[in-house]
Structure formats: C-alpha cells, structure tokens
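Chains as they are written, first to last, in the working numbering: chain F, 1 to 584; chain U, 1 to 180.
Just so you know, the hints here were simulated from the structure itself, not pulled from any lab data.
Among the clues, some could well be false.
[To be verified] Quick list of in silico lysine-lysine cross-link-like pairs, BS3-like style, CA-CA up to 27 angstroms:
| id | chain 1 | residue 1 | chain 2 | residue 2 |
| --- | --- | --- | --- | --- |
| 1 | F | 9 | U | 150 |
| 2 | F | 9 | U | 144 |
| 3 | U | 69 | F | 19 |
| 4 | F | 13 | U | 69 |
| 5 | F | 30 | U | 27 |
| 6 | F | 44 | U | 63 |
| 7 | F | 280 | F | 151 |
| 8 | F | 12 | U | 169 |
| 9 | F | 430 | U | 150 |
| 10 | F | 12 | U | 144 |
| 11 | F | 317 | F | 363 |
| 12 | F | 13 | U | 144 |
| 13 | F | 12 | U | 150 |
| 14 | U | 25 | F | 44 |
| 15 | F | 19 | U | 27 |
| 16 | U | 169 | F | 9 |
| 17 | F | 12 | U | 12 |
| 18 | F | 13 | U | 25 |
| 19 | U | 5 | F | 30 |
| 20 | U | 5 | U | 27 |
| 21 | U | 12 | F | 30 |
| 22 | F | 19 | U | 169 |
| 23 | U | 25 | F | 30 |
| 24 | F | 12 | U | 27 |
| 25 | U | 27 | F | 9 |
| 26 | F | 485 | F | 456 |
| 27 | U | 69 | F | 44 |
| 28 | U | 12 | F | 516 |
| 29 | U | 12 | U | 63 |
| 30 | F | 44 | U | 12 |
| 31 | U | 69 | F | 9 |
| 32 | U | 63 | F | 9 |
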Amino acid sequence: MKAAANIEKLIKKFYALKKSSVATSASLDKRVLDDALAAYEESKKTSSALIEPNIWRIIMKSKMIKLAAAAVIIIAVLLGLHYFGGSIDGASVAWADVVKPILNARTVIMDIIVGSGENQTVIHDEVIGSRIRRTVSNMSHADLIIDLEQKKLLALDHTEKTAVYIGLSGLGDLKNYIEILRGTITMFQDKPDFHVENKGIQKIDGRDYIVFVADSNNQTITIWADPKTALPIRIEQKTPNMQITGDNMQFDVVLDESRFSMEVPADYQVIQNAGIDFKKSSESDFIESLRIWAKIIEDGQFPDSINLSDIVKVGPKFDQGLKRANFTQQQQVDVATRFGQGLVFIRFFKGQGQWHYAGKGVKLGDSNMPIFWYQPQESQTWRVIYGDLTVEDANRDELTQIEADSQTRIAQDINVPKPVVEFEGRQMDKWHVTTSGDIRANCSLTIVKTPADSAKIPISLPYSTGKLESVKIGEAVLSYDDLGKGKYEVVLPAEWMTLNNRTIEVVWTIPITSLKRGVGGFRAELSGLIPLTSYWLDVILEDNCGYENTTDTNVREIHPFNMNNPDQARAYFGSCQLMIKKSQ
Amino acid sequence: MIEDKLLVWSFKRGSTDALRRIYEKYKNDLLALAVSLSNDTSFAEDAVHDVFVSFAQLGEGLKLRANLKGYLLTAVANRVCSIKRSKYQKTTHLEETDISDAACDSPETLADCAEKYELISSALAGLPYQQREIITLHLQGGVKFRTIAKSQGVSINTIRSRYRYGLDKLQSMLNGEVKK
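Given only the sequences and the hints, what does the whole structure look like? Please build it.
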C-alpha cells in the first residue's frame, strides 16, 4: 500500500501532466474577453458612485493636491488673522508690563487656535521678523514658510519631499499674528472707551497667572501672564463673531534662521506653482467657493456656517469631500486655488455693513432658499445669492422678508429635531420570471431598527413603475397606502414593537420588458425597500417563462448579487447584470 | 503575489489591460481545473467563461478575501459544482486528452504514461465530487485548505477530512494497479 505522501505526489504529478496538455483556444479567449470586457465596461457605468472614495484616496496621495489643500487652509487662516482687529486707551502699569513683550519681541513661538471648544485646529507658528514657519495640527506632514515681505508662501511636504510656492499677490501690508496683535493693542489703548481690569491670579495647569481683561467696542482681549516675569503665556481676542487664542507663547527665543529660508531644500522637488490674487475680490469668485464648499466639501449641502473657524477646520473635510470628486490632478489644484480665491470676498469684505449667511440645511440647487446676502458699496439694494447660486437684487422690503423667513427657518431647525433612528433592515429577494412575462419579486424584509412610535413604514420599490401586490407578516395581511411612483406606506400592526419576528413578506411585480437592456441580458436595479445592512438577490426562471440563461440554458436559478455591510445601512446599491434572454 | 496585487488594484480602478492580463495569466490554470472537475472540455470552457464574465462584472466592487489565483480557482470550482447541481451534466465521460509531454517522450514511456493516466483519471472520477473538488483545488491549483473552507462555508477541519478521505479512497483504488 502506498503511503499518503506518495499518493499526493502521484496525483500532483498527474495534474501537472494534465495541466500541461490543457490550453484555452483562440475562440474561447475571444468569447471570454469580449463578454468580460463588455461586462466590465457596463459595471463601470453603474458603480462609479460607489468607487469614488477609492479613486479619491489614490488621487489624494497626489503630491500636488495635498499641498494645494493645505495651502488653501493656510491662506484662509492668514486672511482671518489679517482681518481680525480692534483697539484701546489708558493703560495701567501692570497692563503695560504684560503688553511690552508683545510690542517689542523680535521672535515669537506660539500656538494659534481659531474658535472655541474642543478639538480645534491648532496652528503652530514660529515667527522671526517677517517670516513665519507654520504647521497645522490637521496637516502634520507639511510645513509652511511664509514670507510676508515677498508675499510668498513655500509649502514643504516632508513625506513626499516635495515643495510648492504659492503667491499671495494683491495683499497690501501683510502682517503676522503678533504684528496684528501689536496693532490691535495699540489701537485698543487709544480708544476713549478702553477699559482694562486686573482679574487677579488664576491657575492654568497648576500654575499661577495674572489675568487682565481689556475691552472696547464689543471686542475683548484677555491676557494671562506670568506674575513674576510679566511675560504673556496666553492671549485671547474675542469679538461677537470670532475668537482667536494665542497660547503657549514664548518671546525672544533664539531661532535657527535657516529654518525660515524660502529656498527649497536640495532633496525636495518643486512640483506646482499656484497663486491667489488678494486684490481680486469678486462676487462670482465667492459663488464659486460656495459651489465648491457645497458640492465637494459638504457633498451637496451648504455648510452650517462660513466663519473663519469653519474655514480653519475645513481641511480634513475638504480631503474627504474631494474623495467623492473625479478630477484630474490639475483640476484638483485649480479647485483648491479657486476655493481660496473666493474666500477673499468675505475675508476682505468691501460691501456696506456685514454680510449674512443662511445656508444651513440648504441643498445646492435649491432655487427658493436665499443663502447669502450683502449690500455692495454705494448700492441702495442688496445682492441675494440663492441655493442654486443664482443672484438677484432685493430692495429693503424684500430683504426684510428674506431675513424674516431665515429667522423662521432657524427657529424650525431648533424646534423640530430630526429623527435619530430610521427604519433599517435585512432583505432577501427572489425575483421569479413568470410565464406572463413579469418579474414577481418575493421580498423577505427583516426590520432590525424601528423609529420610536412608528405606525407606518415607508417602502420604495426599485422601479417607480413597479406595483405592490401584497404585504404580509406571517399570515396576517398588512394594509398600505400608495404614494405613487413606486412608493408606499405600510401600516404596521399595533403589536409591532412587541413582536419577536419582525419579518414582513412583500410581493411586487413589474413587466420584465420594463428593465433596462444590458450586454447579454437585463440590468437589475439593486434597491432595498428600506435602508439595508444586507441584501441578497436570486433570480428564478420559471418553467415556460420564455426566458433562459444567456450563458447556460439549463441554469434556471441565478444569484447575481449580495451585499453585507452591518456598519452602514443603505437603500441603493447600483445595478447589476441579469444574464437572461428570450428563449430561442 | 505583488504583481497580482497590482493587477487587482488596476482592475478595480477600471483598467481593461489589467483585466486582460489577469485572464491571460490564469486562463490555463482555470481551464485545467474545470476540465479536471468536469471531465468535459466544453463544459469547462463554459465554466471559465461564466466565472470570468462574473469577475469582470464585479469591477470596482471586487473584494478579495484570498489571493487572486485562489479566488478565481475556487470560483471556477463553485461554478462547476453549481452547474452540476442544476443537472446540466447529463453524462459523465472522460475526455480523451493529449498527454504528449516531455515526461513521456519515448513510445514505451508514452504508453506507460497513458496507462497510468487513464487509471488515475478513472480513480479520480470515482471519487465523490466534494472530495475530488478539494483534492483538485489543493493539488492542482495549490489553493490552501483555509481558502477552500471559506469559499464553501465549512470549517477547515471538514475540508481536511474530505481531502484525507479522498486520498484514502484513491489509495485503495490505485493500490497495486499503478506501478511506481
């Protein structure tokens, strides 16, 4: 008797011999490749939406876009800090002591936080004269060196060893944060209503600091300083709409000047030049920024607000949003630059009074909803931008109505919270191709999540022309309302929440000829009756139905699709090919 | 393996070249496996065709749990099994195959090889399909037991047992008949 190892060896040898004698024929190659390539092309059309995130992940590895996106955020921050300003008068001796290092320091190291609350983006600045070396907490792979005199920014990506120069043309007297702060303090002190208060000693992280609060004309500056050296450690500037905090401040630290060079390091490759013209502040550029923000960053919806703190935080979301786009690399750079260019309009606003934003909850394309309005210089009317990004002029009465409507919307947002839980389930379909030429879909829908106090469950058929035939739970028939276009509301039984088995059996029909034709068969829309975490589809060709499997006429049951994603329920999964055709 | 990863990566991103290269790389392995499992060339060709078209349909949605080769081989095995279950294969017959091979180059050796070949073919054909499938996937396709177990939704121990039973049966059928 042969040992098991010998049998294995023998069979392996047999298979090797057999394999060497088997080869595909040219006709088989052609048949397979022709059909496979056709199916492949078809799949691209239907599933492109699903793969965009993957595409973008690859695109975002592009050296250019990382830096371009980073630069936009940096520019936005630069603009925000530049815009921020205020004023004062009547300093006390102690106040003068703590502001002295700010007014006289040659070098500064600090963290800048725009906005309040936790998880804010932290901008780390090292400042020497007119040059800043900056890192941003949500883009740690890059350093940015800003030359305020040359009005130029050099972004260095240390992961990719690449560099990009970005021109900051059109800016007048561009200052770093500490220079702005100096100007603010000086102006603040000159104001007649200036008032400064010594708040005494406060503890931060177990250490004592003396705190001064200075205010004037709705602006407040709070300084925390070392009580022994009078050196400020934290400075907080507040207006009704903005808060900027300089933290962990160190003054006159010796810094290595070579780290502030605008020369690209020898082993770095310059890959892209871009620029933003700060003199160019136009409504149309701003509308383009809104379009990019809504379409790319917020996936079709306008942001809740467009303040500086939102701009600073937009980086990671910009990345995620761009994952959904499908641009060439050059287009990506263009998008990032256009986004930054449009922000100039609100950061250097030249109209009368203030601009107003009301885009929260508005979808891009909604022509009825005003999202932004402002009054241009020397104009008697206001410019109103709507959700479809069209612009109209409004007189005072019209603007009053717009503002009132906007307030009503805000109130409704507060009063009517959106439901947290939606229906969610698992579904198994068996689509029977019947002798009458219809598809009769038997759907077994197990509902795993039900919103509280639900009396009805809304369901949508995959086809608007589909017809719901019956809904049952066990043997009990459930009634339903026809809402039109393949949508129905099924009345849940009163004891629904106490049922152990919440599986409902849904039957709907549609003529098979209503399905789109595809290569070698029909396209099936893959859509759940409700959002699903798993979906399974089988297709059964009933006897004498007049249809057969395209590739094998003897196969009467096919399984074209299944998906399982317990983490996220979805209602639509694209479409797939049903390899069936009319019988010969 | 790296090449396969690159091919899959390109395939998922819409490269028709990658699709062609995957087919060219594995077409003979797939066909040989299908022939071994079905003993019918035209049946095997259909199975390879169906699997590859289905594979192409997945496109960007492809999710590989095994390596590419293992994935395609188990898909072919499943396809063959599925067609068998649908009673497509009305008759089972051994295909006459040209085994003129470097190992059998003289008339005497060729005759001896042909005799052994026929015996082993018959023995394999006499195995229960489940056992033959595992033996073929493992010894011909080099597919790991773990991958086969996953594709069939059974435990790896079940696969190992079926494999062992199959070999035992082959051993008893071939004992004394196949000269070393």
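Hints, verified against the model:
1. At roughly 25 angstroms between alpha-carbon atoms, residue 9 (chain F) and residue 150 (chain U) fall within 27 angstroms of each other, so this suggested pair holds.
2. Proposed proximity of residue 9 (chain F) and residue 144 (chain U) is supported: the alpha carbons are some 16 angstroms apart, at most 27 angstroms.
3. About 15 angstroms separates the Cα atoms of residue 69 (chain U) and residue 19 (chain F), which keeps this hinted pair within 27 angstroms; it holds.
4. Distance restraint check for residue 13 (chain F) and residue 69 (chain U): the Cα-Cα separation of roughly 20 angstroms lies within the 27 angstroms cut-off, and the hinted pair is therefore satisfied.
5. Distance hint between residue 30 (chain F) and residue 27 (chain U) is fulfilled; the C-alpha atoms sit about 12 angstroms from each other, no more than 27 angstroms.
6. About 15 angstroms separates the Cα atoms of residue 44 (chain F) and residue 63 (chain U), which keeps this hinted pair within 27 angstroms; it holds.
7. A threshold of 27 angstroms between alpha carbons decides the hint, and for residue 280 (chain F) with residue 151 (chain F) the separation of about 15 angstroms falls inside it, so the pair holds.
8. Among the hinted pairs, residue 12 (chain F) with residue 169 (chain U) is consistent with the structure: their alpha-carbon atoms are about 16 angstroms apart, no more than 27 angstroms.
9. About 25 angstroms separates the Cα atoms of residue 430 (chain F) and residue 150 (chain U), which keeps this hinted pair within 27 angstroms; it holds.
10. The straight-line distance between the Cα atoms of residue 12 (chain F) and residue 144 (chain U) is roughly 14 angstroms, inside the 27 angstroms bound, and the hint therefore holds.
11. At roughly 17 angstroms between alpha-carbon atoms, residue 317 (chain F) and residue 363 (chain F) fall within 27 angstroms of each other, so this suggested pair holds.
12. Restraint check for residue 13 (chain F) and residue 144 (chain U): the C-alpha separation of about 18 angstroms stays at or below 27 angstroms, so the hint holds.
13. Restraint check: the Cα-Cα separation between residue 12 (chain F) and residue 150 (chain U) comes to about 23 angstroms, which is no more than 27 angstroms; the hinted pair holds.
14. For the hint pairing residue 25 (chain U) with residue 44 (chain F), the CA-to-CA distance comes to about 23 angstroms; that is within 27 angstroms, so the pair holds.
15. For the hint linking residue 19 (chain F) to residue 27 (chain U), the alpha-carbon distance of about 11 angstroms falls within 27 angstroms, and the restraint holds.
16. A threshold of 27 angstroms between alpha carbons decides the hint, and for residue 169 (chain U) with residue 9 (chain F) the separation of about 15 angstroms falls inside it, so the pair holds.
17. A C-alpha spacing of about 34 angstroms is found between residue 12 (chain F) and residue 12 (chain U), which places the hinted pair above 27 angstroms, so the restraint is violated.
18. For the suggested pair residue 13 (chain F) and residue 25 (chain U), the alpha carbons sit about 21 angstroms apart, so the restraint of at most 27 angstroms is met.
19. Among the hinted pairs, residue 5 (chain U) with residue 30 (chain F) is consistent with the structure: their alpha-carbon atoms are about 25 angstroms apart, no more than 27 angstroms.
20. Between residue 5 (chain U) and residue 27 (chain U), the direct Cα distance comes to roughly 18 angstroms. Compliance with the 27 angstroms bound is thereby established for this hinted pair.
21. Of the pairs offered as hints, the one joining residue 12 (chain U) and residue 30 (chain F) holds, with about 22 angstroms between alpha carbons and a cut-off of 27 angstroms not exceeded.
22. Of the pairs offered as hints, the one joining residue 19 (chain F) and residue 169 (chain U) holds, with about 23 angstroms between alpha carbons and a cut-off of 27 angstroms not exceeded.
23. A C-alpha spacing of about 15 angstroms is found between residue 25 (chain U) and residue 30 (chain F), which places the hinted pair at or below 27 angstroms, so the restraint holds.
24. With a C-alpha separation of about 19 angstroms, the suggested pairing of residue 12 (chain F) with residue 27 (chain U) holds against the 27 angstroms cut-off.
25. Straight-line distance between C-alpha atoms of residue 27 (chain U) and residue 9 (chain F) comes to about 24 angstroms, which keeps the hinted pair within the 27 angstroms bound.
26. Under the criterion of a C-alpha separation no larger than 27 angstroms, the hint pairing residue 485 (chain F) with residue 456 (chain F) is consistent with the structure, at around 18 angstroms.
27. Of the supplied pair hints, the one linking residue 69 (chain U) and residue 44 (chain F) holds, its CA atoms being roughly 23 angstroms apart against a limit of 27 angstroms.
28. A threshold of 27 angstroms between alpha carbons decides the hint, and for residue 12 (chain U) with residue 516 (chain F) the separation of about 24 angstroms falls inside it, so the pair holds.
29. The hinted pair formed by residue 12 (chain U) and residue 63 (chain U) meets the criterion: a straight-line CA distance of about 9 angstroms does not exceed 27 angstroms.
30. With a C-alpha separation of about 10 angstroms, the suggested pair residue 44 (chain F) and residue 12 (chain U) falls inside the 27 angstroms cut-off, and the hint holds.
31. Between residue 69 (chain U) and residue 9 (chain F), the direct Cα distance comes to roughly 22 angstroms. Compliance with the 27 angstroms bound is thereby established for this hinted pair.
32. Our distance criterion of 27 angstroms between C-alpha atoms is broken by residue 63 (chain U) and residue 9 (chain F), whose separation comes to about 34 angstroms.
Going through the hint list in order, the structure does not satisfy hints 17, 32.
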